[in-house]
Amino acid sequence: MYTADTAAHHDHAHGAPRGIMRWLTSTNHKDIGTLYLWFSLFMFFFAGALAMLIRAELFQPGLQLFQPAVFNQLTTMHGLIMIFGAIMPSLVGFANWQVPLMIGASDMAFPRLNNWSFWLLPAAGLLLIATFFVPGGAIAGGWTMYPPLYIQGGVAYDMSILAIHILGISSIMGAINIIVTILNLRAPGMTLMKMPLFVWTWLITAFLLVAVMPVLACAITMLLTDRHFGTHFFDAAGGGDAVMFQHLFWFFGHPEVYIMILPAFGIVSTIIPTFARKPLFGYVSMVYAVASIAFLSFIVWAHHMFTTGMPVGGQLFFMYTTMLIAIPTGVKVFNWVATLWRGSITFETPMLFALAFVFLFTIGGFSGLVLSLVPVDIQLQDTYYVVAHFHYVLFSGSAMAIMGGIYYWLPKWTGHMYDETLGKIHFWLTAIAFNITFFPMHFLGLAGMPRRIPDYALQFADFNMISSLGGFLLGASQLLFLYTVIKCVRGGAPAGNKPWDGADTLEWTQTSPPPYHSFVTPPQIKLVRGRSHANAR
Amino acid sequence: MSTPAIPSLPTPNHRRLVGRLLLVVALSFGFGFALVPLYDAFCVVTGLNGKTAGAAKGIGIGGIQQQVAAAPSPIDKGRIVTVEFIGTVMPGLPWDMQPLISKLDLHPGELQQAMYRVHNRSDQPIVGQAIPSVSPGLAAQYFHKLDCFCFAQQTLAPGETKDLPLTFIVKPEIDRDIRTITLAYAFFKAADSKSATKRVATR
Ligand code: HEM
Ligand SMILES: [Cu+2]
Numbered sequence: 192m193y194t195a196d197t198a199a200h201h202d203h204a205h206g207a208p209r210g211i212m213r214w215l216t217s218t219n220h221k222d223i224g225t226l227y228l229w230f231s232l233f234m235f236f237f238a239g240a241l242a243m244l245i246r247a248e249l250f251q252p253g254l255q256l257f258q259p260a261v262f263n264q265l266t267t268m269h270g271l272i273m274i275f276g277a278i279m280p281s282l283v284g285f286a287n288w289q290v291p292l293m294i295g296a297s298d299m300a301f302p303r304l305n306n307w308s309f310w311l312l313p314a315a316g317l318l319l320i321a322t323f324f325v326p327g328g329a330i331a332g333g334w335t336m337y338p339p340l341y342i343q344g345g346v347a348y349d350m351s352i353l354a355i356h357i358l359g360i361s362s363i364m365g366a367i368n369i370i371v372t373i374l375n376l377r378a379p380g381m382t383l384m385k386m387p388l389f390v391w392t393w394l395i396t397a398f399l400l401v402a403v404m405p406v407l408a409c410a411i412t413m414l415l416t417d418r419h420f421g422t423h424f425f426d427a428a429g430g431g432d433a434v435m436f437q438h439l440f441w442f443f444g445h446p447e448v449y450i451m452i453l454p455a456f457g458i459v460s461t462i463i464p465t466f467a468r469k470p471l472f473g474y475v476s477m478v479y480a481v482a483s484i485a486f487l488s489f490i491v492w493a494h495h496m497f498t499t500g501m502p503v504g505g506q507l508f509f510m511y512t513t514m515l516i517a518i519p520t521g522v523k524v525f526n527w528v529a530t531l532w533r534g535s536i537t538f539e540t541p542m543l544f545a546l547a548f549v550f551l552f553t554i555g556g557f558s559g560l561v562l563s564l565v566p567v568d569i570q571l572q573d574t575y576y577v578v579a580h581f582h583y584v585l586f587s588g589s590a591m592a593i594m595g596g597i598y599y600w601l602p603k604w605t606g607h608m609y610d611e612t613l614g615k616i617h618f619w620l621t622a623i624a625f626n627i628t629f630f631p632m633h634f635l636g637l638a639g640m641p642r643r644i645p646d647y648a649l650q651f652a653d654f655n656m657i658s659s660l661g662g663f664l665l666g667a668s669q670l671l672f673l674y675t676v677i678k679c680v681r682g683g684a685p686a687g688n689k690p691w692d693g694a695d696t697l698e699w700t701q702t703s704p705p706p707y708h709s710f711v712t713p714p715q716i717k718l719v720r721g722r723s724h725a726n727a728r
Numbered sequence: 008m009s010t011p012a013i014p015s016l017p018t019p020n021h022r023r024l025v026g027r028l029l030l031v032v033a034l035s036f037g038f039g040f041a042l043v044p045l046y047d048a049f050c051v052v053t054g055l056n057g058k059t060a061g062a063a064k065g066i067g068i069g070g071i072q073q074q075v076a077a078a079p080s081p082i083d084k085g086r087i088v089t090v091e092f093i094g095t096v097m098p099g100l101p102w103d104m105q106p107l108i109s110k111l112d113l114h115p116g117e118l119q120q121a122m123y124r125v126h127n128r129s130d131q132p133i134v135g136q137a138i139p140s141v142s143p144g145l146a147a148q149y150f151h152k153l154d155c156f157c158f159a160q161q162t163l164a165p166g167e168t169k170d171l172p173l174t175f176i177v178k179p180e181i182d183r184d185i186r187t188i189t190l191a192y193a194f195f196k197a198a199d200s201k202s203a204t205k206r207v208a209t210r
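Residue numbers (the working numbering), protein chains in the order written: chain V, 192 to 728; chain C, 8 to 210.
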């Protein structure tokens, strides 16, 4: 188990109680951050293994390994676990470790609540994984949980509803904790506009979570009562409407994709100035861009529903608002590039990930823009083009920013430098394999290959084989990531307080690893440069 | 747990902030449920979700007939609209269902009739309810059913086969772009078999 694992590796931390109880009862933001990160890494590998099975089945046309019902379970669980088990918890792990350190707080506002937020996750994770072993198998209607399929399934569907409720409660508790920490526990002198951008992105993300997780909870509660208690919210038999579920789901779902990308923006906005050795260009516009993306994310949801028979007026409204999001997103990309402009850039592993993020996320943004065009989307909806789009924004976006962030802060968290050579190999393997896997999917989608199918027409065979080969390489490369992380946790060159000379946020004023209780007395922000990279050096 | 004392934090305003955040959580949870009636109201006003008036609002045959009588529409001989018929039996109802004609060409404004043949495969009397849906959704408000088996629950005796009629008009005001309308019925199991037995017995 990862807890025993990490316990063994963290003996050096000061003042921490020892043994398994440390991890079960810990209320320390660093311990809990570590738990979140290990949990998400485990789930990342579990859902990644499902992806390997998906690519193995799609390696050739025809049904080789799985019956369609099983294949649908694989795609559904891959998506659900990656989103709720890997990406979201790892970003919360970053928040736990970094938010108190970056604002000069000694811990999160509600440490005990924090412990609960985490320990709900393994329960939900187990429940999700266990669905593979119940009669009827795991849920198979897609991660979007559309009725009527979701109302008709077996016991796995109830288990997944329970698991998602638990995950939602955990997220809401975590988000409240983060908001209170940021708003109430900043060190004296750290005004909101002096906060590092990572903290800003998490503040806004936490507000998104508080606003939309309850809507998801509400939608899946209705699914549950439709299943068992004779209601007919979505069941046409009683005058319900299945399309209404889509509205509810995507009212949650689109803000949810920004919940997964905004903290990643924050990580990248921290890494790029460090290695360009320049303050972040346009700090204030970055804050406003994040806020306006968050606001817009509430009024674009039906771009996922262009083919449900909307009137033209509705299609136009959602098309234009969706395209509008490209503007603040473009502002961010522009600012990152402008930060690089005339910087004295070095290419350590975190920087490589951040640069790849800027480039590949932009491709994902553009394919999103293509999909926002109604006449195009009517052709491309539910094809591999959509799969390509969201993997460019979620893998080369969120996941690669997370990996970059791990390399960036591992020296701070563990006190050891990671192996730079291995890190770079991991980066190049990931970046190349990622593109081999997902770039051909654009063409598959344009040529009409539908998503969520175990078999396909012969003309798609070549690109699918390429894609599968890339996928296997991508999966294998992540084992190198695991190895590099474990190696760094176990030992390595001492990192010193500040291994990155261009970094200027508060955590680098602490030892590496930071004392178990850091900032017991709040730092003076006038002395340390509080506003992340905002002051020229 | 033996942790060194953490200096007291400025806690007083925590409670108020948490209170407000919990209020947001409660409001958005409530908002999700409030969407249900809002959504229905919106669909009734705009007729967007493909529900035809009679069944969706539960208006009896009389209501519809009055409406039609009040606004007799001339027949638009100038164009032809194709109406396709589909029937599905939902899980849990051991019936078969099939339209007798799968499609019909008509002039908007013409009174037309179509038939579905249903058969009860079980040895139980069963009550079913058909739910119609019209696509494209925008055509629904121009698809007027004068009489339809979906206006009432249908009871089939064990092994019984029945032809269920529907009479309808496609109103000539329908958008010229719409040349094909699909009328889909889903038959659901309605009531428990006890009341079904009674109904078969009293027939
Ligand atoms: C410029 C920004 C973006 C635009 C214009 C955009 C637009 C769209 C559109 C129109 C669709 C619907 C495609 C369809 O189903 O036919 C879509 C799907 C999707 N997008 Fe984006 N998107 C953007 C950014 C993002 C980001 C940042 C993320 C996540 C980090 C994301 C994640 C997704 C996902 C997961 C789906 C597929 C959902 C599903 O059906 O399973 N998108 N996007
Ligand atoms: Cu979206």
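None of these hints come from the bench; they were simulated from the model.
Check before you lean on any hint, since a few could be wrong.
[As the list claims (entries may be wrong)] Some chain V residues well away from chain C (every beta-carbon gap over 10 Å; in silico):
1. 363
2. 424
3. 432
4. 611
5. 615
6. 627
7. 638
[Claimed, not checked] Here are the simulated lysine to any residue pairs, SDA-like style, with alpha carbons at most 20 Å apart:
8. C:196 x V:433
9. C:84 x V:339
10. C:196 x V:419
11. C:196 x V:422
12. C:196 x C:117
13. C:196 x V:420
14. C:196 x V:538
15. V:689 x V:706
16. C:196 x V:689
17. C:196 x V:706
18. V:689 x V:538
[Claimed, not checked] The following label-pair restraints were derived from C-beta to C-beta distances:
19. V:314 x C:166: 18 to 28 Å
20. C:186 x V:307: 27 to 37 Å
21. V:259 x C:87: 36 to 46 Å
22. C:101 x V:327: 48 to 58 Å
23. V:253 x C:110: 50 to 60 Å
24. V:247 x C:23: 51 to 61 Å
The C-beta atom is built at its ideal place from N, Cα and C for all residues, glycine as well.
Verification of the supplied hints:
Not every CB of chain C is more than 10 Å from the CB of residue 363 of chain V (nearest about 6 Å), against its label as outside the interface. With a minimum CB-CB distance of about 6 Å to chain C, residue 424 of chain V fails to clear the 10 Å threshold, and the non-interface call is violated. With a closest Cβ-Cβ approach of about 6 Å to chain C, residue 432 of chain V is found to fall inside the 10 Å limit, against its non-interface label. Distance to chain C confirms residue 611 of chain V as a non-interface residue, since its nearest Cβ pair spans about 36 Å, more than 10 Å.
Residue placement check: residue 615 of chain V keeps its beta carbon more than 10 Å from all beta carbons of chain C (closest about 39 Å). At roughly 40 Å from the closest C-beta of chain C, the C-beta of residue 627 of chain V stays outside 10 Å, upholding its exclusion from the interface. Non-interface call for residue 638 of chain V relative to chain C: holds, since the shortest CB-CB distance, roughly 27 Å, exceeds 10 Å. Distance check on the hinted pair: residue 196 of chain C and residue 433 of chain V sit about 18 Å apart at the alpha-carbon level, within 20 Å; holds.
The hinted pair formed by residue 84 of chain C and residue 339 of chain V fails the criterion: a straight-line CA distance of about 40 Å is larger than 20 Å. For the proposed pair residue 196 of chain C and residue 419 of chain V, the alpha carbon gap of about 16 Å is at most 20 Å, so the pair holds. With a CA separation close to 14 Å, the supplied pair residue 196 of chain C and residue 422 of chain V stays within the 20 Å bound. For the hint pairing residue 196 of chain C with residue 117 of chain C, the CA-to-CA distance comes to about 33 Å; that exceeds 20 Å, so the pair is violated.
In summary, the hint linking residue 196 of chain C to residue 420 of chain V is supported, as the alpha carbons are separated by about 16 Å, within the 20 Å threshold. At most 20 Å may separate the alpha-carbon atoms for a hinted pair to count; residue 196 of chain C and residue 538 of chain V exceed this at roughly 66 Å. Only pairs whose Cα atoms come within 20 Å are accepted, and residue 689 of chain V paired with residue 706 of chain V is accepted, the gap being roughly 15 Å. Annotation: proposed proximity of residue 196 of chain C to residue 689 of chain V is violated, straight-line Cα distance about 69 Å (limit 20 Å).
Simply put, residue 196 of chain C and residue 706 of chain V have alpha-carbon atoms about 66 Å apart, too far for the 20 Å limit, and the pair is violated. Between residue 689 of chain V and residue 538 of chain V, the direct Cα distance comes to roughly 17 Å. Compliance with the 20 Å bound is thereby established for this hinted pair. The hint said 18 to 28 Å for the Cβ distance between residue 314 of chain V and residue 166 of chain C, and at roughly 51 Å that hint is violated. The hinted window of 27 to 37 Å between residue 186 of chain C and residue 307 of chain V is violated, with their beta carbons roughly 59 Å apart.
With their beta carbons about 40 Å apart, residue 259 of chain V and residue 87 of chain C fall inside the hinted range of 36 to 46 Å. In this structure the supplied range 48 to 58 Å is violated for residue 101 of chain C paired with residue 327 of chain V, their Cβ-Cβ distance being about 21 Å. Here the CB-CB span from residue 253 of chain V to residue 110 of chain C is close to 35 Å, at odds with the stated 50 to 60 Å. At about 54 Å, the CB distance of residue 247 of chain V to residue 23 of chain C agrees with the hint of 51 to 61 Å.
Hint compliance for this structure: hints 1, 2, 3, 9, 12, 14, 16, 17, 19, 20, 22 and 23 are not met, and every other hint is.
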